[in-house]
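Visitor: Residues per chain are reported as follows:
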Amino acid sequence: MHKQSSRGWRQAMWAALFLLPYFILFISLKIGPLVVNFWMSLQELDIIGKGVFNNFGNYKVLFQDRLFWRSLNNTFYYLVLVGPVNVAGGFLLAMLLNQKLKGRIITRTVVFMPYVIMVTVVGAIWRWLLDGRFGLLNYYLQKIGLESVPWLSSSSTAMIGIAMASVWWTIGYNTVIYLAALQDIPKDILNAADIDGAGPLRKLFAIIIPSVKGATAFVVLTTVIYSMQVFGQVYTMTSGGPQYSTVTLVHYLYVKGFREFNLGYSSTLGVVLFFVILALSALVYATFGERKAKG
Amino acid sequence: MGITILVFLLLSAALVSAGGGQEQAGVATVNYWAGFTGPDKLGMQAIVEDFEEANPNVDVEFMTAPWTEVFTKFNATFGSSSAPNLMVMHISDIPQFADRKMLNAVDGLLAEMGVKEGDYPKPVWQGQHYGGSQYGVPLDYHPMAVFTNVKMYNAAGLDANMRFTSKDVFLNAMSKLTDGEQYGVGIGVPHAHTMRYWYGLLYQAGGSFLNADQSEAAFNSAAGEKAVQFLADLVYKYKVAPVHETDIDRDFLAGTVASLIEGPWWVPGAAEQEGLEFSTVPFPTIFEQKGVWAGAHTLVLPNQDDKGKKDGAISLMQYIAGNTVAWGAAGQIPASLAVINSAEYKALPTYKYFKQFIEQGDYVHFEPVMKANAEFGADNELSPVLNAIYGVVLGESKAAEAMEQAAADVNSILNK
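Chains A and B supply the protein sequences, listed in that same order.
Just so we're aligned: 6 in the numbering used here is position 6 of the first sequence, and the numbers increase by one with no gaps anywhere.
Each number in the numbering used here comes from the position in the second sequence (counting from 1) with 1000 added on.
One thing to keep in mind: the hints can contain errors.
[Stated by the list, open to error] Covered by chain A, according to a simulated footprint, are these stretches of chain B (three or more residues, beta-carbon under 8 Å):
hint, segment
1, 1231-1244
2, 1390-1401
[Stated by the list, open to error] Computed Cβ-Cβ distance ranges for the label pairs, DEER-style:
hint, chain 1, residue 1, chain 2, residue 2, range
3, A, Glu-147, B, Val-1150, 30 to 40 Å
4, B, Lys-1073, A, Gly-51, 17 to 27 Å
5, B, Pro-1349, A, Asn-54, 52 to 62 Å
If you are wondering where the hints come from, they were derived from the structure by calculation, not from laboratory data.
For each residue, glycine too, the CB sits at the ideal point set by N, CA and C.
Let's have the full structure, built from the sequences with the hints guiding it.
Guide: And the structure:
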């Protein structure tokens, strides 16, 4: 008995030792900065010098800040533009690439390749593609008899332009996730459905989509998180313009923190973003989480 | 055995790297930072190398990066041994760093350096001052001027060196230069220069950006409205500028606009463009008075404790301020009147382009030298003034409403 207890302790100690590096990094790089960020948000804090606690003054200013609400609105708009396309589009692309078609290996590579490009390069490429006067997209629009669109220089279309660049850049990641999930579906289930006379649509809704639910939950969650954090594309393509139509929450946070050096207010924006993403993540989890059987 | 060798190698590497960080005895290492990333970077590098040759007891570590990165690093390293000992910044940047007590006033050093008020244009000299002290030694100033495509002007029957002395003269020329997909001038959206054009026009129309004690916006006036409306009219009423133009430099180089309003830093690059024949003329006088936006670079001395490095930094500061002919060749207008009037400067091959910038020296208008300018100045992409101007030039806002909203936003910033 004594020997078993001693062995149990030893095993627990080794487990703790092996987990320790992860927890040190997790606490120092994730939890610690989160706590410090919240602490900073309670202060009037410049980049130099000591902060002064201002009784949630930053939060009071924030809720009356026109540009904060605009940036939050823009960020949600971006999520609405990119989210469904990236999720549904990633799934459909994966379905296509899962077929035994000629050239599927090279096509998979081509679909995923944009994902490895740096965001600054993505921004530079798409600024050219979407140029209102000489861009390639407008060239082809005119070829088919449509009018040119001032993509990045009009308040009504600038965010759509950024969304297009983002989808091109990131849809490959979701496609790869879905492809792996599709390939995990047991072939005999699909064969049995064929034997039972199920058509393609029936198989899609009754077997395939439920089978990749886990992947869908992951893809939706990561798409929501990354979309709410959008910054690089905005910074390189439009700098938040024209007329604030593309300024996002992270871009606003960046300008406040690193242009105006107002660390207190920048931290406040960071706290708000954290809670917004947390709420959305909870919603995704609630939607896709396993429901425990009652009784 | 293997572990012993590994430990020995690691210890050796640590000793070598520690030893490599030590400065040579009797030689002060001065960290000199600036936001120059184009041909001006090479020009300043050459000046630094000449200084080091003449001063073997000072070693200069010259670091350049985009301006926002330079200032972020300055804030992050201030007070440490990695901090800069000498810096270049814009005069509009002085207030935020002076307020943070990060800069040394230089009033007491000027006599020793031979720097005198009379040697600089008045607006340039005044811009070095903040809160009753002088923080900068003038390095250069850079107003806007018009780059004209000689071939396109000649083809339209115009002289590429013509002076735009009135609104009618300017519009007449731009109309002649506009034909089909070719336009007379470029107005970029989004482009910070558009606010700089507006700024010059505001003062030409008798307006001002802030009131006399800088406590309130003053540009929401007839002058401010007139200035922004004129820019919008170039696009929609007179149709001499392209709609929704995003890249004015590219369009000038491609020959789709005949005139480009840019700063002197653009000259060296343009002079190297094969097939481009260009000239420069002063910023157009559209309204009642002459006026043009300008920025200015200045040499500043960060607060520091190391006397050896500080003395080295002051020597470097004095050298650069007194030897700016090479700086002029790199694309900025030296602030010193003695330099710009010297035979050596006038002998530069690019002087013929720079002299049109220089002749505007007495009527340049700088952005307010105050901390709040970091929030509403043209360099901040979220500036309420900049975005208001974009709205009007894009045809999405009315001039009066846009100026009123921008003024309200500026007043909120000033009243924080």
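Visitor: Which hints from the list above does the structure break, by number from lowest to highest?
Guide: Of the numbered hints, all hold.
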